[in-house]
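Student: Residue numbers (this note's numbering), protein chains in the order written: chain D, -9 to 212; chain Z, 10 to 589; chain H, 7 to 458.
Any given hint could be a false lead.
Unchecked claim - Simulated restraints on C-beta separations:
#1 H:Lys196 / Z:Ser105: 34 to 42 angstroms
#2 Z:Glu335 / D:Pro89: 54 to 62 angstroms
#3 Z:Asn225 / H:Ser448: 29 to 37 angstroms
#4 Z:Leu448 / H:Gly330: 24 to 32 angstroms
#5 D:Glu196 / Z:Gly525: 25 to 33 angstroms
#6 Z:Asn225 / H:Phe82: 26 to 34 angstroms
Derived by calculation from the structure, the hints in this document are not laboratory data.
Nothing here was measured: the structure is a model prediction, and the numbers come from that model.
Built from N, CA and C at the ideal position, the CB exists for glycine as well.
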Amino acid sequence: MCTGRVDPTMIAEAFINDADGVMVVGCHFGDCHYITGNVQGQIKVGLAERVLTYVGLSPKRVSFDQCSSAEGERFVKLVTDFNQGVRELGPLGNGDGLPAPELKEKLSIAKTILAKEKLRWVVGKFTVFVTEGNKYGEVFTDHEMWRTLDTIVMDEVATHQIMRELGQEAVAVKDLAARLKLPAPDVLRYVLALQRRELVDLDGVEGNSPRYKAVGPTAQVA
Amino acid sequence: MKRRSPRLRIAASPCHSFKWGMKLAKDIRIGVFVCDCGSNIAGYLDCPSIAEYAETLPNVVFVKENLYTCSEAGINEIKDAIKDENLNRVVVASCSPRTHEPLFRESCAEAGLNPYLFEMVNIRDQCSWVHMQEREEGNEKAKDLIRMGVAKATLLQPQEPIQSEMDPKSLVIGGGISGMTSALALANRGYQVYLIEKTKDLGGLLRNLSKLAPSNIDAKELIAKQVEAVKNHKNIQLFTSSTIKEIQGYIGHYDVTVSTNGTEEKFGVGVIIIATGARVFKPEGFFNYDGKRVITQFELEALFKSKKFKSKNVVMIQCVGARDEERKYCSRICCLTAIKNGIAIKEQNPEAKVHILYRDIQAYGTENEALYQRSKQLGVRYIKYDQEKPPEVLDNTVKVYHHLLGRELELEQDLVVLSTPLIAGEDNEELSKLLRVTLDENKFFLESHVKLKPLDFATDGVYLCGNAHYPATIREAISQALGAASRASIPLAKGTMTVEPIVSVLADEEACRGCGLCVALCPYGALEIAQTEKGRKVRVIPVACKGCGICAATCYVHALSINSYTDQQVEEQIRAFLSG
Amino acid sequence: MLDAGRHSNINLLAYSEVEEVEGEVGSFKVKVRKKARYVNEDLCTGCGACVEKCPSTVEDEFNIGLGERKAIYKYFPQGIPSTHCIDAENCRQLGQGKKCGICAKVCQAGAVDYEQQDQLVDLEVGAIVLATGYDVFDPSVIPEYGYGRIDNVVTAMEFERLLSASGPTHGHLDRPSELALRAEIAVLDKDLKKATRQIEKLEEKHGKKTSKFLKEFKAGKAGEDGDFERWATLAEKAADTEKNLAPLKKREAAAQTARKLAFIQCVGSRDFRFNRFCSSYCCMHSVKEAMIAHEHDNETTSSIFCMDLRAVGRGFEEYKLRGGKTANILYVRGRVAEITEDKAHNPIVWYESTTSRRVEHETFDMVVLATACVPSAATPKLAELLGLELEENGFFKTDPLAPLDTTRAGIFVCGCAQGPMDIPESVAQASSAAARAAEVVSMAGEVAVGGS
């Protein structure tokens, strides 16, 4: 099995099942048993780290490292250092952005997000975009790619949460913003985008504020 | 990571309250064999306690500790237990699967159990050896690993090895010295070869050369000899003035369409060798290049051939259009060409002056260095120039800053020869797409592993040699051509490809949207999009797949899966690990 | 390697030498001496229990004398076949006639066999491929470079072992002068401990401190006892050792890993006194070593002294430039004339700089000699045995247009046995040699000699 086989959702799954840290170690670049699998591995683990960190996990709990079979010493050092870092944090919920029970809930959102199509496409095209460029020959830097991914993650998490709230009851944007601890204009933008995709619809007006609720076949799933 | 994470509560929980596997799977009967490996494992781990622990795991119906599981006695115990205990999954906790998995699998098969219902756990390398100093933790880790192995074994599915017949014919693309050599090597082994050459004549770049270094034989003679051998060989079918129109398929089964002056012909082959060569860079705009007074080494060869060469003061300039911003690479052979031609001039007319202006003389190896020394003996003069202060070509002189003298020299000249690099063939991009093989940043074909597989592509069944790969001397090109033929002959000789079934499978055809993301990411060209009754769907070419799993970890609809490493199996292992 | 060891069509005869070759292409008869390794390959599981217990320690040739191994050993950890071998000369039981047998006792597989004899194996083969490799040039014959005299002048191969994570220093660039220092300290420490233990016993026996005893002894008031003479000598020795140790330990404490490196190219190559040829791979090897040293410790700076920096393969030129830009590598054009040493064991490199046109010198922490690739010592003997010609440099002779064919039909040569070359070229050649061998075997009868 190659690090490229590590589905980012597996990393989320581990934390959901009480792991305190996840370390993925693969071959050195240029020396991958599966040619380029480790490049994918690094990006996928990197994505998992960002998404999980975004929902509140400490970034110290996820690591991607490289080591060859002839580097026993290096392996020991990598594992010892990582273990040390995780031990300093303690069990899940310590040193993280949220206490354990809340974090767990967010982690399952993270797992869902990590399987989203848009993210997967950007991850898949990452290497091509930074080396050869897109269809129009525009070459991006690693930094730009990660910024793009970050934006998508933010959108996906917000959208996911909005759909979940609106799936339960009709809510006004202002209230929704307060529940999700997000700025109201952003939430409005998401809601309108969802409305355009016919996933959300107006459900009447409360005072001056329109209330929205989830509709369509995905309302339940999300 | 180390198992004893801060969550110690978990470690203390009784081992039968498993979160994973939840229920006992029906009809799953797992046998676990714990190997002592003499004292290799048992010397550091408490094997009886590990075996005892294994008995408590769900679906485990039989556990046995062996002195050496790999010994005849141990193997017999596995076989007997499969029969007597009706085992349908076997887990061996011993050493490295790299050395022993084939043996255990075979043994399962001999006892009538599908060999892919076997799972191996490495408690020697990963426990007793690395944790000699912390035995208790090593022991606990062994239990973790076995628990994970059992969890995975529960979900294992029987697999059958994938077999595919080889079409015993081969295709060589390119009729230069590399292509001809490869074709002959394969044909002499008795394989049918299709040799495709784009131009109307065989010979490639060699046709334009005069004498060859260091053998000093006439290029014409060498070509003539090879061409005759190719044309007369009963196993070689030659297509000149022909191009590849289309190639489809995979190792063992390629369908090739060749177009010769508009007429198309189709045939099937099992393997393909790329020997398409390279082009000479034309230095338009460099050093007043005009093709008359300022020419390339290639054009100098033509003067030699036509016996029109008469110059008395020749200045050669190296690295023209190479090792610069645009083409960073060193073209490997231009120094040797300059040395060779310098010698040729001196031999023809010892009075003639030859100056070679260079940056580094790349006369690597025994023969090349000897040639370099010989040229110096004959009076060829070498002046190193700095990239920052390049020579200047004037009407009858060349100005160059001499490093050692610390001043500028003005060399008389009646001919300036520019050494230009070989650049990648113009069809490389098209061909790389047809065959799903990769190019490097300079558009030369890129081998699968720079050190260990210099003649193979990541895509099985396609091989490369000669200038298509990177500029090479005749010696190197011939050597690579023979090597590529040798690599290509391996699957041909086997006749049937047998592949481990641990490959990608389209597990959920309904879900697949045929988006092609996986196809773009597959390092082996083992996936393709096919039009089916249900629309565009991905198709796995099992013989080309190596089971890396990148596709399965990428597919957002989880349509693809890897046999014996399914999402479910891996996640079950993760859960089993964390529930210990 | 593992693949070769496991392939069902490969019969691996390790630790063996060819003694006789008769016949001709298509039907060679080869006699091979399979040397006794005193370990039964079929039984040995490669566990290494014997190594742990073996009492004889000798210099480890794999780590080029920079480390130690036991008399029963494996040449290197990943070696194939994965079995052990007894170096009879250094074995107590076999070579020194002592009673030992420890390895046989600890071997649970019962693989140790002191009675094992050399075996002669007869083979019938259609073609022969030579892949006998090369030797590394011994730079001690160049007195001006001081190899062997100056501790911190090492060969590229030694440096490789120092850089290796599985090497004697675990990849830290400890200087050989400091390694020697540490070894010296270890010996003295051991002596001191031994003396101290004996002194402590005497103190206990006689119920007084050594300082008191010495005072009395020197004053002639200690009285008479068989122990006293020895006690005094021991005390003196311990004091001496301690005195000797102090400055060594101070030096050791101040020791730093090597950070300023010099690489000297063409040591024994392109040198009319030794080998006229270019060894092909050393330029890139030095660049690589300098890159790795920099990766390990990014304070490392390297100067590579060369005539031409020959970077001719795919990506080599780019790699070289990257080294200059990102790994503190300086390429200095010039041939090094001499290496001297200062008091702190730092080598000083003297050279003529072709850019400044002056003789210059510079002090480094360590100097690495990029030694030539020379024909392996056994080449002439093997050539005679097989009836093959050698070329002027002593490598097996081939033709540029039939690069794998030796001067005898059916015998092929690949890799550095035919001349210096780098790994990809060797690997490609290995396949080519296999192609030629297969060609003659499948064409047996209508033999194709020379190029195809």
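Student: Now tell me, hint by hint, if it's right for this structure.
Tutor: Results of checking the hints against the structure:
One distance hint, 34 to 42 angstroms for the beta-carbon pair Lys196 (chain H) and Ser105 (chain Z), holds here, with the actual separation near 38 angstroms. Checked against the hint of 54 to 62 angstroms, the pair Glu335 (chain Z) and Pro89 (chain D) passes, with Cβ atoms roughly 58 angstroms apart. Between Asn225 (chain Z) and Ser448 (chain H) the beta carbons are some 32 angstroms apart, a value that agrees with the proposed interval 29 to 37 angstroms. Remark: the range hint 24 to 32 angstroms for Leu448 (chain Z) to Gly330 (chain H) is upheld by a beta-carbon distance near 26 angstroms.
In this structure the supplied range 25 to 33 angstroms is violated for Glu196 (chain D) paired with Gly525 (chain Z), their Cβ-Cβ distance being about 46 angstroms. Evaluation of the 26 to 34 angstroms hint for Asn225 (chain Z) and Phe82 (chain H) yields a failure: the beta carbon distance comes to about 44 angstroms.
Consistency note: the structure conflicts with the earlier hints numbered 5, 6.
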